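As a plain string of letters, each chain reads:
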Amino acid sequence: MGAHIASQKTYFTVTVALLMLLVVKVGLAYVHIGIWSLVLTLTVATAKALLVILYFMHVRWSTRLVWAVASVGVVWLLVMFALMMSDYLTRGDVHYMLNQPPVSHTVNER
Amino acid sequence: MSSQRHTSLLHQFNDLEQQRLSYEVGMWIFLATEFLLFGTMFAGYMVYRTHFPAAWAAGSQELNVLLGLINTAILLISSMFIALAVRAGQLGLGRSAAKFLLVTMALGSMFLAIKAYEYHDKWSHHLVPGLNFEAHPEHPFGLPLFLSFYFTMTGVHAFHMIIGLGIVGLMAFWCWRGRFTAEHNSPLVMTGLYWHFVDIVWIYLYPLFYLIGR
Numbered sequence: 007m008g009a010h011i012a013s014q015k016t017y018f019t020v021t022v023a024l025l026m027l028l029v030v031k032v033g034l035a036y037v038h039i040g041i042w043s044l045v046l047t048l049t050v051a052t053a054k055a056l057l058v059i060l061y062f063m064h065v066r067w068s069t070r071l072v073w074a075v076a077s078v079g080v081v082w083l084l085v086m087f088a089l090m091m092s093d094y095l096t097r098g099d100v101h102y103m104l105n106q107p108p109v110s111h112t113v114n115e116r
Numbered sequence: 026m027s028s029q030r031h032t033s034l035l036h037q038f039n040d041l042e043q044q045r046l047s048y049e050v051g052m053w054i055f056l057a058t059e060f061l062l063f064g065t066m067f068a069g070y071m072v073y074r075t076h077f078p079a080a081w082a083a084g085s086q087e088l089n090v091l092l093g094l095i096n097t098a099i100l101l102i103s104s105m106f107i108a109l110a111v112r113a114g115q116l117g118l119g120r121s122a123a124k125f126l127l128v129t130m131a132l133g134s135m136f137l138a139i140k141a142y143e144y145h146d147k148w149s150h151h152l153v154p155g156l157n158f159e160a161h162p163e164h165p166f167g168l169p170l171f172l173s174f175y176f177t178m179t180g181v182h183a184f185h186m187i188i189g190l191g192i193v194g195l196m197a198f199w200c201w202r203g204r205f206t207a208e209h210n211s212p213l214v215m216t217g218l219y220w221h222f223v224d225i226v227w228i229y230l231y232p233l234f235y236l237i238g239r
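So the protein sequences, as listed, match chains A and B. With positions in the first sequence counted from 1, the corresponding number in our numbering is that position plus 6. With positions in the second sequence counted from 1, the corresponding number in our numbering is that position plus 25.
Everything labelled a hint here was simulated from the structure, so no lab data went into it. Being a predicted model, the structure only gives us computed values, none of them experimental. Quick reminder that beta carbons are idealized off the backbone N, C-alpha and C, glycines included. Be aware that one or more of the hints could be misleading.
[As the list claims (entries may be wrong)] Pairwise CB distance ranges (calculated):
1) A/89 with B/58: 16 to 26 Å
2) B/35 with A/71: 15 to 25 Å
3) A/30 with B/31: 17 to 27 Å
4) B/116 with A/97: 49 to 59 Å
Could you build all of it, start to finish, from the sequences and the hints given here?
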């Protein structure tokens, strides 16, 4: 077995899909739907990144080992984001809890 | 396999297939470290954006959506051309690969030229924190922070592009000289992976800087 060789048509199709997603992404920026705007934009960006990784970077046709190595970078990054934001977004809450009687059940109400 | 070793086979590998897979895994390990390099900057962006959402929206208004859009399209198309170059290399068509690589370089240079124009535009509007900046009355802390993230992240990205252009140029030269064959073309494949990675970073940079707060 050797490296997989994709057809030129595959690359053209993926490129057209990427450019269409780009137009969707820009369009979304002008639709004001609050936080969902960010969520949708990041979803579209991630769809584009996946297309690039799977087709242009050939991960779709690569070995399990490449799948694993390609995933770990992203997984550790998400772990870092999650732990860091769980700290930064809740600093006010901890301060609030420390200054309250211990039986309070209304921690989130500031 | 015959007992005679292929001329492209390095001494530590048993055969070309093992060598090819080692190249590929090694490159992905490097790219994982690159994800983390840019990831730390995205993390910083996230923290300060939650602290200064209004300044982030205001800062985004200072950036040119159209130029960013053109640059994104240029990078996506350049990715297609380097994918075609890698494909040509895998088929043993060195000359054809070299031509596709030259198109990739032309598109990459266009990206950098537009980026340079944007930086110049920020400079003439006194929007470069630390060097040439006029304090904003509403966002005295947030706006310079946003712009610092903008210059740092797009700057590191542009630096990757410049390195990429050099490597792609070297690959174009090697492809033209017939250095790669259908059996051995891993350096070309690695160059493709690197270029696509730089493209992916921009896929996130564009919406997070240009498109928020529209």
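Okay, the hints, checked on the actual structure:
Judged by the Cβ atoms, the range 16 to 26 Å given for residue 89 of chain A and residue 58 of chain B holds: they are separated by roughly 19 Å. A beta carbon spacing of about 19 Å between residue 35 of chain B and residue 71 of chain A agrees with the range 15 to 25 Å that was offered as a hint. For the hinted restraint 17 to 27 Å between residue 30 of chain A and residue 31 of chain B, the CB-CB distance of approximately 47 Å leaves it violated. Restraint check, residue 116 of chain B to residue 97 of chain A: a C-beta distance of roughly 57 Å satisfies the suggested window 49 to 59 Å.
In the structure shown, a violation is registered for the earlier hint numbered 3 alone.
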